[in-house]
Amino acid sequence: MLPLPFYLTCVLDLTDDVAGAAASRALGDFGAEVIWLEATARHSHLRSLPEFPDLARNKLSCAINAGDGEGMALLLGLAGTANVVIAEAGVWPELDFAALTRLQSDIIVVEIPAGAHASLGIATAAAVTAALFQRRYSGATQRVVVDTQRLVNSMAAPLLVAGARGLAIGSPQGGATTLNGTSIREQLDALGYYETVAAPSGISRRQGIPYQFSLTPAHVRLPEPEAGEHTSHVLKSRLGLSQEELTALAARGVVGL
Amino acid sequence: MQAQEEGQQGILGSLTILDLSEGLAGPYAAKLLADYGARVIKVERPRAGDGARRRGPHLNPGAEAETGAFFLALNAGKLSLTLDYETAAGAAVLRRLAEDADAIIEDWPSRRRSEFGLDDESLYSRIPRLVIAQISGFGSKGPLAGHEWDGVSLARALGRAGGGYTAVLEIGLHAFFVSLAAMWRAAQTEHGQVVEVSGLAALSSLPGPLLDTSMASAGGLATVAHPDAGAVPCVPGPFIAAVDTDLPGPAPRLGEHTELILHDLIAMDAAEIEDLRLQGVL
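Sequence order for the protein chains is A and B.
Under the numbering used here, the first residue of the first sequence is numbered 181, with each subsequent residue one higher.
Under the numbering used here, the first residue of the second sequence is numbered 2, with each subsequent residue one higher.
Same shape as in the complex, but just chain A (with noise of 0.2 Å):
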């Protein structure tokens, strides 16, 4: 299988919500490492989410309690250890860019707000996409700041042309034509768009990657994780700890295992 576009990419998500969650599985779909955060005390309340299971696929959850000061260091090694951070914007200033920086002198720090629309993510993800050239070019370490007001005027821009003159534009009514749930399905299929994944809650049928790429196709090739699921195996590979400092840790309740 040819390498996807985001392999040997590591991301860590830092975030917490659907617009973050939408960003690192677009990147984590085509083949990113998405190292997922979440916290020890709580279960993330994406997870209460129906469409959790497809936002959270292609990642790996590690649990740090990042408001301990053990907690905060390991993961302040393991921002030093990715190329890419995807953060909303103030949640733990002790990751601020500045500090990022001083840890990696080219990482690509990502900023977004919170509870922002999910189309937001996939901005993000471009803009993840867009920071690599420009480092590549430049070798310099990226700040991207991701803005839903920006996105807003963006997604309205023929709007802001017009009423800029006074001009209004109607709503379009949409076509004739109504698409029942059976022509859909039957359509999403024949794109296969969908996929059967074994996650610990039983084999199920369910979205897969919504765009067709020739050379590189892409898969879900994780299901969801369970909360910490990943921890070992990211702190283990990444900052070289050991299982006895783990479990340790564990114990402490500065990681959940």
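Hint data in this document are derived by calculation from the structure and do not stem from the laboratory.
In this text the structure is predicted, and so the values were computed from the model without any measurement.
Note that beta-carbon positions come from the ideal geometry of N, C-alpha and C, so glycine has one too.
There could be a bad hint or two in this list.
Going by beta-carbon spacing under 10 Å, a handful of chain A positions derived as facing chain B [stated by the list, open to error]:
no., residue
1, Pro352
2, Tyr373
3, Arg418
4, Gly420
Distance windows between CB atoms, simulated [stated by the list, open to error]:
no., chain 1, residue 1, chain 2, residue 2, range
5, B, Glu122, A, Ser384, 31 to 41 Å
6, A, Pro397, B, Leu248, 36 to 46 Å
7, B, Glu65, A, Ser381, 50 to 60 Å
8, B, Leu261, A, Ala278, 34 to 44 Å
9, B, Ser215, A, Glu424, 53 to 63 Å
10, A, Arg385, B, Leu248, 40 to 50 Å
Among the chain A residues that face chain B by a calculated CB cut under 8 Å, a handful are [claimed, not checked]:
no., residue
11, Tyr317
12, Val332
13, Met335
14, Gln353
Position chain B relative to chain A; hints supplied.
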């Protein structure tokens, strides 16, 4: 492709895009690439141009062909080249242009590219790193492939509440990401590919209602001068990159950059350009 000039302009200043699309989703995806510094060449049919040029409302009723609000908004910062690629000579020029492009964005019916010698085999035998982003409503396979579509109907059928043009522009947002992802891979591996974005699948992939754009505001936006429309709000892209792009230029007049592109990009001399003009190809 090489940076367009020293100290490339904008985060995507190293990229050259051929925009062959004519709906709303494709031009929006290409506009987003232009927002971040990509050189986007909009290829339009001579005399007619992109249909959006005539789509109202028009900022200047005396210059309708150049001042449709949709065209001005979704094509800011692009270059316009007029080319009748349905002629053998025009198709040959398009193939030459493709050799200097990182990506083609198109929303044509399936297999239409083949009619102009732009089928996958012909292109990839000469331009292995080219990315082709195909945008459609239903994709290229299945019982609904090729059917008429619109964003409102798709979103309604998928239960994604909201209206306006948000659905079709959300599809363009997906195409923006997907074309970038494919170009990123091509930049590292020298191998491009065809990437398909179907509106049905793209809109299905995000939960919840469509983005609410009722809070859109032109307050604080800079304007750019358009020769026929006057001052037009300059609407930037959804993210702020450390490497700023100068404000993108206005939407281009029809064929405004034809000679510049043919001369600078594919080294066509004045005689050849004039010959194509006399044939009605430009």
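Right, here's what the structure says about each hint:
no., hint, verdict
1, Pro352, "holds (5 Å)"
2, Tyr373, "holds (5 Å)"
3, Arg418, "violated (23 Å)"
4, Gly420, "violated (28 Å)"
5, B:Glu122 to A:Ser384: 31 to 41 Å, "holds (38 Å)"
6, A:Pro397 to B:Leu248: 36 to 46 Å, "holds (38 Å)"
7, B:Glu65 to A:Ser381: 50 to 60 Å, "holds (58 Å)"
8, B:Leu261 to A:Ala278: 34 to 44 Å, "holds (43 Å)"
9, B:Ser215 to A:Glu424: 53 to 63 Å, "holds (56 Å)"
10, A:Arg385 to B:Leu248: 40 to 50 Å, "holds (48 Å)"
11, Tyr317, "holds (6 Å)"
12, Val332, "holds (5 Å)"
13, Met335, "holds (5 Å)"
14, Gln353, "holds (7 Å)"
Violated hints, listed in ascending order, are 3 and 4; each of the other numbered hints is respected by the structure.
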